[in-house]
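**Q** These are the residues of each chain, in order.
There are 2 protein chains.
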Amino acid sequence: MKKRVGVAILGLGVVGGGTYKTLVSHRDFYLKTQNVDIVVESVLDKNRERLQELGVPEECIANSIAEVVTNPAIDIVIETIGGVGIAKEFVMAALKEGKSVVTANKEMISKCSHELERIAKRNCCGLYYEASCVGGVPIIRTLLDGVQANHITEMMGIVNGTTNYILTKMAQEGKDYAEALKEAQSLGYAEFDPTNDVEGFDSTYKLSILSSMAFHTKVPYTKVSREGISTISAQDIANGQDLGYTMKLLAIAKNSEAGVEVRVHPTFIPSEHPLAGVNDAYNAVYLRGDALDDIMLYGKGAGAFPTASAVVSDVIYAATHSEIKYSTYKNTAAAEGDVKFISNFSSAYYMRLFVEDKTGVLAKICGIFSKFGISIVKIMQKGNTRNENGRLPVIIITHKTNENSVKNATAKINASGLGTVEAVIRVEA
Amino acid sequence: MKKRVGVAILGLGVVGGGTYKTLVSHRDFYLKTQNVDIVVESVLDKNRERLQELGVPEECIANSIAEVVTNPAIDIVIETIGGVGIAKEFVMAALKEGKSVVTANKEMISKCSHELERIAKRNCCGLYYEASCVGGVPIIRTLLDGVQANHITEMMGIVNGTTNYILTKMAQEGKDYAEALKEAQSLGYAEFDPTNDVEGFDSTYKLSILSSMAFHTKVPYTKVSREGISTISAQDIANGQDLGYTMKLLAIAKNSEAGVEVRVHPTFIPSEHPLAGVNDAYNAVYLRGDALDDIMLYGKGAGAFPTASAVVSDVIYAATHSEIKYSTYKNTAAAEGDVKFISNFSSAYYMRLFVEDKTGVLAKICGIFSKFGISIVKIMQKGNTRNENGRLPVIIITHKTNENSVKNATAKINASGLGTVEAVIRVEA
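Protein chains in written order, with numbering that gives the first Met the number 0: chain D, 0 to 428; chain U, 0 to 428.
Here chain D stands alone, though its shape is the one from the complex (with noise of 0.2 Å):
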C-alpha cells in the first residue's frame, strides 16, 4: 500500500521554490521508487507574485501559519524562510503541533538546535536539516548513517561557495580580493553586504552543526575561532603557490583526549590534498576517522536545486522511516560545560614579513621565534620588492607551534624595530 505524506512550504525563495518544483515533478517518481506520495498540501509565502510565478494552486496557499500547523493533512513542514525571528516561530509552532521539520537554516540550527529538538523530542516528531550545511552533499546523513562506527578525529570542510570562487579567481588569476569580490557579487555569488560569507561567520554555523554531530557533543558556534578572507592579499597565495600550498578558507574541527578545537580561517594546504582541488563554488568536506581513514564529500554547496535535493531527501527519510531516530538529535546529549575547548590550538605557519636590510637582521629575528619555542623550516627573502621604509619581504614557514607562540613572537618583532609581521596563515598538512 502507498503512503500518503501531505507536507507544507514556507518561504518561496530560492531554496523554498527550488523544493517546491521538484516535489511537484518528482511526484510520480518517489511514488515508484519510494512507494510514498508526497503531496504538498500548502505554501506559505508573502509574495502573491512569487506564489503565481511558481504555480501554486489557489487552494494551497495558505494564509497563516496556524492554518497550516493545524491542517491534519500535513505531515512535514519545510521552513525555507532563513534566520532566527519568525523562521524559529513558525518551526517551533509546527514542532508543538507534532509536525516533524525539515530545515534549510543553518543560522537557526546553529543558533537554536538544542532547544528545537528537546521540543521535537517532547512531541515526538522529527527535525531534519541536512539542507543547512553544503547544499546536495549529503554529509549530515554520512554522519548520521554513513560513518558512525567511527570516532570522528578531523573535519575540514571547504563549506562556504562565496569565498571558495574569490579565493579561486585571486589564485588562478592573480585578480586582487575587492576584484575578486566584484566578480563574485556580479555573477550573484556574492551578496550586496558579503560580510557574512566573507568574514566566516557562515562556514562558522555550518562548522557548529557538523561538528557537534560528527563529536557527539554540543559545539556552540561561538566556541569557533574566526577569521575571513578579506584581508587576504594575491601575493600570499602566490607566494603559497610557489612553495607548493593552495589557500582555503577552511571550517577545521579536531577532537581528542585534550579537546575540541573549532576555527575557521585562510589556510594553507599541500597543492596535492585532496581539498586543492576543490574550486570555484564547489564546496567539500574531509573526514577522518579512526576506522575508515580519510574520505571526502564533495558537490555544489548552495543554489535553489542542490539546496532542494537535500530539503526533498530529508522529507522522504522523514515519510519512509516511522520510527524518530532519537540519536540525531545530538545538540541535546552533552551539556556546553561538559566540552574543554582548546583555543590555543597547534598549527604550522606560514608569515610574510618586512624586515631591514641590514647584516644579522634574520639572525635576531630567529632568536625572537627561538625565545618563543618556534622552529622553523624555513627562512627565505622572496622577491626585492622593498615596502615605503626600504624594508625587504621574507617569509618564514615555521613547524607545527601554537596560537599564543605565534602571537607573542608577532608583538616582539613589530616592537622590535627589526621588521613588521604583515601575514599570519596557519598551515594544516
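Treat each hint with caution, since some may be false.
No copy labels: a pair is met if it fits in one copy or bridges any two.
To be verified - Within a straight-line C-alpha distance of at most 20 Å, the following computed EDC-like cross-link-like pairs (lysine to aspartate or glutamate) qualify:
| no. | residue 1 | residue 2 |
| --- | --- | --- |
| 1 | K181 | D279 |
| 2 | K20 | D289 |
| 3 | K381 | E226 |
| 4 | K31 | D289 |
| 5 | K95 | E114 |
| 6 | K20 | E40 |
| 7 | K339 | E96 |
| 8 | K31 | E256 |
| 9 | K31 | D337 |
| 10 | K20 | D292 |
| 11 | K339 | E256 |
| 12 | K20 | D293 |
| 13 | K120 | E88 |
| 14 | K411 | E355 |
| 15 | K222 | D337 |
| 16 | K2 | D27 |
| 17 | K181 | D192 |
| 18 | K110 | E52 |
What the hints contain is simulated information worked out from the structure, not anything from laboratory work.
Position chain U against the provided structure of chain D, taking the given hints into account.
**A** This is chain U only, laid out in the frame that chain D set:
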C-alpha cells in the same frame, strides 16, 4: 533504555578481523553514542590460530553455521567470507532464520542479491551491503538515504584500488604495466593472480550493485561491457597527459530515456575533472542527479578498517532502525527484461595508429573515419619512433561517436594497408 543487539561474524579474514576488532574496541562508544549495546556473541572460522590471534573468547567460538543461526541471542549475522559458495549458503541460512545480514561480499551481492533479497523480505529481516562497494565510503547509504530525491542520470567510479594504484604509478613514474603490477603485488595491493582486479571483473560487480541501486532497477553484472588495463601502455598514458587527459579505469553507468549503459574500461578524463586527482589506492564515485548536479565521494576503497567501518555502520543502522526499509531491496523491483541496455554506446575516442610514411595516407585514413560517420577533432603525428615496419605513430581524437562505428573503422584501417590501430581508449568529458 539501552537496546542489546547480538551479532555473529562468519569468517575472520582481513575484513572479518577488522570488524571483530572494531566491534570489541568500540562497544562502549556505541553504547554511549548510539544507545545500543552491540555484543559479538559468536564467531565462525575454521582457523583456530586466527581466532586466538584475535583473542576471541572460547565461549564465542562457534562450531557450525547451524549453531550460529539458531542462537536466539544473535540478531545480526556478518558475512565476511567472500565468494559465492559457502558464503551464500551461510547467508541464506541466516536469512531463513530471520537474522538480518550485513555483508562485504560484492561478488555474492552482484550475482545473487535479487534471490537473497526475496528471502530476506519473506523472513522480515534486512540485507545490508555497504561494505561490498568502495570500502568505508558510504556510497550505498548516500544512494538510499542521501540523494534519493534525484533521478540519478550518471555515475562514474574509480572502484578498484589495485588498478588505480597501477595506473597512478604508470602515469607518475612512467613505469610500464608489468613493472607497476609487480610493485602493487609486492605491496599487497594486487594479488598473485591479479586477473579479477586488472581485467575489471571486480569493478563490474560493484558497478552492477551501484547502478541497480542508483537507477532503481536490476543491472546484472553480465550486462556490463568490460575491458581491463593489462594492455595499456605507458606511452598512451603519457600521450593523454600531453593532451590534458588522465587515464583511469572507470566504472560508468548512464541512465536516459534511451536505456541504461554500463561499462568498465580504461578511460581518458580531463585532467581537471575531480576524478583525475584520485590517486594510488584511493577510490571515488562521481554522481550526477537531476536536482543536485554533481557530487563526488572519495576515500579508501579497501583495507581491514575502512571496510570494517562500512560493515559496522551497517550493523548500527540495522540495530537502530527497527523497521526494515523494503526500498533497500532494489534488485527485486524490476525484472531484467524491463530494462533496455545500450551496448553500442556513445563516446569520444583516443586512437593511436602506426601509419605508412607516404603522402596522402592521413587523408585516406580520414576518409575511412568519415565513411563511418566519425568526425575527427585532432589528428597528429606523435614523435618519430617508427615501428618495426617503418611506420610512424599518429594520434587521433574523435568527436562523440559510437562503439560500432569505431570498431568498423578500425577493422577497415587494419585491412587497408595504410596503417594499424594500436590502441583505442574512450574519452569522457
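**Q** Could you run down the list of hints and mark each one as holding or not?
**A** Quick rundown of the hints versus the structure:
no.: 1; hint: K181 x D279; result: within (15 Å within a copy, 39 Å between copies)
no.: 2; hint: K20 x D289; result: between (41 Å within a copy, 12 Å between copies)
no.: 3; hint: K381 x E226; result: neither (25 Å within a copy, 51 Å between copies)
no.: 4; hint: K31 x D289; result: between (39 Å within a copy, 17 Å between copies)
no.: 5; hint: K95 x E114; result: within (12 Å within a copy, 45 Å between copies)
no.: 6; hint: K20 x E40; result: within (14 Å within a copy, 50 Å between copies)
no.: 7; hint: K339 x E96; result: neither (37 Å within a copy, 47 Å between copies)
no.: 8; hint: K31 x E256; result: between (48 Å within a copy, 16 Å between copies)
no.: 9; hint: K31 x D337; result: between (47 Å within a copy, 15 Å between copies)
no.: 10; hint: K20 x D292; result: between (39 Å within a copy, 15 Å between copies)
no.: 11; hint: K339 x E256; result: within (10 Å within a copy, 55 Å between copies)
no.: 12; hint: K20 x D293; result: between (36 Å within a copy, 19 Å between copies)
no.: 13; hint: K120 x E88; result: within (17 Å within a copy, 43 Å between copies)
no.: 14; hint: K411 x E355; result: within (15 Å within a copy, 74 Å between copies)
no.: 15; hint: K222 x D337; result: within (13 Å within a copy, 55 Å between copies)
no.: 16; hint: K2 x D27; result: within (13 Å within a copy, 38 Å between copies)
no.: 17; hint: K181 x D192; result: within (11 Å within a copy, 58 Å between copies)
no.: 18; hint: K110 x E52; result: neither (33 Å within a copy, 49 Å between copies)
Violated hints for the displayed structure, listed by number in ascending order: 3, 7, 18.
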